[in-house]
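Engineer: Sequence:
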Amino acid sequence: MFLSIIGIIIIFVGFAVSNQNNVISRYSSITKIIGVVLVIIGLSFSMFKVIDAGQVGVKTVFGKVDNDVLYSGLNVINPIAVITPFDVKTQNYTMSGVHDEGNKQTDDALRVLSADGLEVIIDLSVLFRVKGSAAPNILREIGTDYLEKIVRPVSRTAIRDNAVAYDAVALYSSKRDEFQAKIFNTIEKSFAKRGLELEQLLVRNITLPASVKASIESKINAEQDAQKMTFVLQKERQEAERKRVEAQGIADYQRILSTGLSDRQLQYESILAQKEIAKSANTKVIIMGNGKNAPIILGGN
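In UniProt numbering, the protein residues as written are 1 to 301.
Note that these hints are calculated values from the structure, not bench results.
Just so you know, nobody snuck in bad clues.
Straight-line C-alpha distance at most 30 Å; calculated BS3-like pairs for lysine-lysine:
#, residue 1, residue 2
1, Lys64, Lys49
2, Lys175, Lys228
3, Lys131, Lys189
4, Lys89, Lys182
5, Lys89, Lys131
6, Lys149, Lys49
7, Lys243, Lys228
8, Lys149, Lys104
9, Lys64, Lys89
10, Lys189, Lys149
11, Lys182, Lys149
12, Lys189, Lys89
13, Lys104, Lys189
14, Lys149, Lys64
15, Lys89, Lys49
16, Lys131, Lys149
17, Lys182, Lys131
18, Lys104, Lys175
19, Lys193, Lys131
20, Lys49, Lys131
21, Lys182, Lys193
22, Lys104, Lys131
23, Lys89, Lys104
24, Lys175, Lys193
25, Lys131, Lys64
26, Lys175, Lys189
27, Lys193, Lys149
28, Lys64, Lys193
29, Lys104, Lys193
30, Lys189, Lys64
31, Lys104, Lys182
32, Lys193, Lys89
Given these sequences and hints, build the entire structure.
Structural biologist: As structure tokens, this is what we get:
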């Protein structure tokens with residue numbers, strides 16, 4: 001477009017000098033031709049616009065936004081139209097308490113009050129994208145600064161509005177997924193009305209007050225000690241049961257021996273004992289008798 005403006009200026013200069021009676025007037029025709037050529041070249045370049053991958057373009061002619069969207073590739077447009085590009089890839093807006101980690105270089109974490117009146121610090125990442133078909137409306141109603149005008153305030157408001165329904169400890173533990181699902185639904189609806197699509201919401205970190213963290217840690221330690229004591233008591237009960245069964249077995253054995261041991265049983269037990277002695281590697285002499293007395297064993301190491 002710049003070449004076209006230069007060409008128009010040169011054409012006017014050519015007409016201006018053509019009316020003068022001097023040497024310069026002889027070059028007016030050439031000047032006009034050069035101006036026309038520059039205008040044509042400028043218009044030719046302005047008629048073609050390349051939109052990069054992952055972007056769409058919105059045309060504006062004298063301040064009026066065109067509803068037609070230019071998609072990635074080569075497009076033929078009105079030479080005087082101004083093209084505003086919009087990124088339609090997934091974008092990440094992070095609000096974090098860690099410096100240089102979020103979109104802002106300072107502490108940008110959300111400080112919200114829970115149902116029990118405690119201040120909870122939340123780090124959040126919002127993954128979203130611009131709907132290509134809605135880009136003209138975004139430019140017309142919001143502008144290109146939709147991060148600060150829509151994404152940031154809508155996300156922070158949704159978190160504060162939903163956090164007041166939960167206790168601080170519940171947000172940190174058992175209700176975290178439920179809380180994340182609720183704020184996702186709230187933000188998704190607000191984004192959809194404005195041409196944005198929420199893809200994912202990540203509650204990255206929830207920080208409780210120091211006093212609450214100390215109470216939780218104390219409770220966890222107490223529960224671990226109780227579980228350890230339960231294990232010890234269970235082990236002692238099992239050991240006591242084992243000893244009781246063992247004692248009962250010994251008592252039953254002694255009772256059987258005292259009530260049912262006969263001469264034949266004694267003789268059988270004696271033979272078994274002699275057999276074990278005979279297998280021993282030590283030298284011995286066994287004198288076997290035919291009476292009721294036990295045999296005499298001589299020798300041995």
